[in-house]
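Letter by letter, the chains look like this.
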Amino acid sequence: MAVCTGCSLLCDDIEVSIDGRSITRTKNLCRKGFGRYRSLTSDRSVPRVDGRQTSIQEAISRAAEMLRNARRPMLFGWSCSTLEAQRKGIELARRARAIIDDTSSICQGEIVDMIIRRDIPSCTLDDVRNYGDTLIFWGCDPSSSHPRHMSRFSYYPRGEKLQRGHEEDRTAFLIDIRASPTAKILAGNFVQIPPGGDSDLIDAMLAVLDGKIPKVKDKKALISMMNTLKKADMGVIFPGLGLAYSLKGRMDRLKALVDRLNETTRYNVISMVGHYNMRGFNQLLFDETGFINRVSFADGVNHGPMYSVVEASKSCDLAMIVGSDPISSLPAGIAKALARVPMITLDPHRTLTTELSRVVIPTALSGIEAGGSALRMDGVRIEFDAIVKSEYPSDEEVLSRILEEI
Amino acid sequence: MVSAMEIYQLTPKLNCKKCGLPTCMAFAVALLAREKQIEDCTPLLEPKYEAKLKKLREVMAPVAGATETGLIIHDERCYGCGNCVVACPVNVANDPKGSAIGLGPKSDKVILIVEDGVVKCLNPKECRRFGPNRILCNLCTATCPSKAIEFV
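The listed protein sequences derive, respectively, from chains A and B.
Final position of the first sequence in my numbering is 434; the numbers increase by one with none missing.
Final position of the second sequence in my numbering is 153; the numbers increase by one with none missing.
Because the hints were derived from the structure by calculation, they are not lab data.
For every residue, glycine included, the Cβ atom is placed at its ideal position computed from N, Cα and C.
Misleading hints may appear alongside valid ones.
Beta-carbon label-pair distances, calculated as ranges [to be verified]:
id, chain 1, residue 1, chain 2, residue 2, range
1, B, Met6, A, Gln220, 31 to 41 Å
2, A, His331, B, Lys98, 29 to 39 Å
3, A, Asp231, B, Ala65, 28 to 38 Å
4, B, Glu77, A, Arg53, 13 to 23 Å
5, A, Gly225, B, Glu77, 27 to 37 Å
6, B, Asp41, A, Ser45, 39 to 49 Å
7, B, Pro63, A, Lys189, 48 to 58 Å
8, A, Gly239, B, Leu137, 37 to 47 Å
9, B, Asn134, A, Arg378, 52 to 62 Å
10, A, Glu195, B, Asp109, 18 to 28 Å
11, A, Asp280, B, Glu69, 41 to 51 Å
12, B, Ala52, A, Lys259, 52 to 62 Å
13, A, Ser172, B, Asp41, 38 to 48 Å
14, A, Met29, B, Lys121, 54 to 64 Å
Negatives, chain B to chain A, calculated, CB over 12 Å [to be verified]:
id, residue
15, Lys14
16, Val30
17, Ala62
18, Val86
19, Lys107
20, Pro133
21, Thr144
Think about it this way: if two alpha-carbon atoms lie no more than 25 Å apart in a straight line, the pair counts; the simulated DSS-like pairs of lysine-lysine are [claimed, not checked]:
id, chain 1, residue 1, chain 2, residue 2
22, B, Lys55, B, Lys98
23, B, Lys14, B, Lys56
24, B, Lys126, B, Lys110
25, A, Lys60, A, Lys417
26, B, Lys148, B, Lys121
27, A, Lys60, B, Lys14
28, B, Lys121, B, Lys107
29, B, Lys148, B, Lys126
30, A, Lys189, A, Lys276
31, A, Lys212, B, Lys148
32, A, Lys276, A, Lys243
33, B, Lys37, B, Lys53
34, A, Lys189, B, Lys98
35, B, Lys110, B, Lys121
36, B, Lys14, B, Lys55
37, A, Lys55, B, Lys121
38, A, Lys60, B, Lys19
39, B, Lys148, A, Lys60
40, B, Lys98, B, Lys56
Make a model of the complete structure from these sequences and hints.
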């Protein structure tokens, strides 16, 4: 059995047939996971320094030299690395007195922060499968982002206390701004809201819970939904990126709703984390510094929005990117600012970021070519081994060698 | 998916009974159920129905890949999410320790599995839709987010 590192579900029931270095047949992998396995032999990055192809060792030495000379370096990425590599990364940030940030800074950091600080209750996905009878997918589309979420953990499987699964025992609602593929299978329980309408919906939901008439168009549907939510034995809210962006800086609204629901029954929140080990990095950095992201080690431990990738891209003099492609994913203005900074990139594949980097160090694909451990979206640690021998070093090995040279 | 009415529109509409059925509508239904072949309609092979025959062959092309139960899988649309695998009542009954609880199938008797990121049909004879006393179960199609599974 192999573990898929295609998304933060870290499915551990994957069967893979291998012939030498190529994957011949896989079972139980979703299309997204299969894509990651198939990428093993496609478009791999090559070691490069200043546009010239070189050896991995030379690239590592050059990276260490650049980090040594940098005054204000930034280390970014981390969500697609193992816990072991992330630990080395945090050590490197301390040693280089660097700013360290991960993708949660522009993703679901605020929600993960509340879960890690225990401001809002959370549970594991196994609890959801066994006991979660009422589910709310909010601002997310699990069918596209985490294809096996609904079939493996949340909606369709039979659980210990929910033997009839989705047919009778479970109810799932979807709140989203568009009729996504998930909306097609939850058509009867789909609440469509206008973009940015999440806060208003929370107000309306709280009004119903207080026995007032909600200020929404379809009052009857909302009251009916809230009655179902109140009757839950164990409810779970899965907030996605849509909710995270809509409630940016106002996460107390989500907390207010969860607290209010918890007055009558039990409700938990599991963030729909995208990358396979974003939760792991957040937990590690929190354990070490008390903050989940946006930390600067330049003068002790400092935290703030100025240390986020968005701000630091404009002020840093060196960027080290580990397993991420910020040039493609960040807004154009910030990507342009980052592209002007000398970059060192560790990535198994060729991306827009590796193309613009001064130093490129190819690494092994974690979960396939490199073993380690990672935290699933619910914080459960999953360990995995390499299933294919690799000519590339793992992120952890590269970071260890940079640490030695620095 | 093509309907019996669409097929009927492409028949000669002569009700000549040469196919052994009383009407062209009955032939269209039988064609969709794969009980008859296009060639069974002899007037359709005449030159004046050439355009209709060509169109009929086009619309019937996806149906050709259907299993005995009429299941068609559109590989290009499938996400490999496995909703159908876990929701299928036969999979649940035959594989209580695997697909019933959301894991990959552990039994050989399951109907649907996900292989190489796409769902595949293994044992159509186990399906509730198989045979003359079939039940028109639609859990696999109802749980598909991309409408990659259809029944003829």
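Identify every previously stated hint that the structure contradicts and give their numbers, smallest first.
2, 3, 7, 11, 14, 18, 19, 21, 22, 27, 30, 38, 40
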